[in-house]
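Asker: Sequence:
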Amino acid sequence: MVVRRAIKLLAEIQKTGKKQYIEVNLSDKSFTDRELLLTIKKELTTTGINAANLVLTITENTLMANMFMAERFIKALKDMGCRVGIDDFGIGFSSFNFLKKLPVDYLKIDGSLIHNITNNPVDQHLVRAMVEVARGLGKQTVAEFVENKATIQLLSEYGVDFGQGYYIGKPFIFSEKSGKRKD
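The sequence shown maps to residues 1 to 183 in the working numbering.
Worth flagging that the hints you see were computed from the coordinates, not collected in a lab.
Hints should not be assumed to be uniformly reliable.
[Claimed, not checked] Below, in silico cross-link-like pairs of lysine-lysine (DSS-like), each with a Cα-Cα straight-line distance of 30 Å or less:
1) Lys41 <-> Lys18
2) Lys18 <-> Lys170
3) Lys42 <-> Lys101
[As the list claims (entries may be wrong)] Ranges between beta-carbon positions, derived for each pair:
4) Arg135 <-> Tyr167: 20 to 26 Å
5) Ser112 <-> Glu35: 29 to 35 Å
6) Met1 <-> Lys75: 20 to 26 Å
7) Asn116 <-> Gly169: 16 to 22 Å
8) Asn66 <-> Glu132: 25 to 31 Å
9) His125 <-> Arg5: 38 to 44 Å
10) Leu38 <-> Pro121: 46 to 52 Å
Glycine included, C-beta positions come from ideal geometry on N, C-alpha and C.
Kindly produce the complete structure, drawing on both the sequences and the hints.
Answerer: Here it is, written out as structure tokens:
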């Protein structure tokens with residue numbers, strides 16, 4: 001299970017004294033997996049890690065498909081101390097409406113709004129608006145698909161908190177046993 005490996009990896013990193021966040025994308029089946037919340041709670045207790053360093057993200061479409069279960073699921077994660085983010089934010093029909101109901105920490109702005117942002121005034125306006133709404137609600141923002149310095153500079157001007165993409169760092173796999181990078 002990916003979440004279990006992520007928690008164990010965080011425990012290894014925590015032993016070195018480094019502060020590290022690990023983000024795990026949850027599938028649409030996560031809400032109905034009765035064992036998932038129990039596993040997370042057990043692993044957090046066993047390892048003793050700072051649960052706030054575990055960021056669990058769920059796509060906007062998954063959240064919208066079952067708002068009631070999403071609210072309960074996110075509340076349970078937050079009660080454990082985990083941080084929760086909405087992935088692919090901004091592509092759904094009623095993104096802003098459900099922000100009132102879900103106590104998430106991050107909004108991960110969909111890469112389709114970021115990849116050409118330096119040349120697209122419409123994307124610029126949309127991203128700026130999303131950042132302002134997020135900031136007003138006390139949520140942080142993550143921009144996907146950051147591919148160049150100009151994009152980082154623009155997103156920084158807008159107040160985006162974090163970025164993901166090849167310009168920042170290529171994805172890599174951690175060795176399950178050693179917790180070290182495998183490139």
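Asker: Does each hint hold? Answer for all of them.
Answerer: Hints versus structure:
Taking the CA atoms of Lys41 and Lys18, the gap is near 22 Å; set against the 30 Å cutoff, the hint holds. In summary, the hint linking Lys18 to Lys170 is supported, as the alpha carbons are separated by about 20 Å, within the 30 Å threshold. About 27 Å separates the Cα atoms of Lys42 and Lys101, which keeps this hinted pair within 30 Å; it holds. Distance hint for Arg135 and Tyr167: a CB-CB separation of about 24 Å, consistent with the stated range 20 to 26 Å.
For Ser112 and Glu35, the Cβ-Cβ distance of about 33 Å falls inside the hinted range of 29 to 35 Å, so the restraint holds. As the Cβ distance of Met1 to Lys75 is approximately 22 Å, the hint placing it in 20 to 26 Å holds. At roughly 21 Å, the beta-carbon separation of Asn116 and Gly169 lies within the given 16 to 22 Å, and the hint holds. In this structure the hint that Asn66 and Glu132 lie 25 to 31 Å apart at CB holds, the actual value being about 28 Å.
As the Cβ distance of His125 to Arg5 is approximately 40 Å, the hint placing it in 38 to 44 Å holds. For the pair Leu38 and Pro121, the supplied restraint of 46 to 52 Å holds, since their beta-carbon distance comes to about 48 Å.
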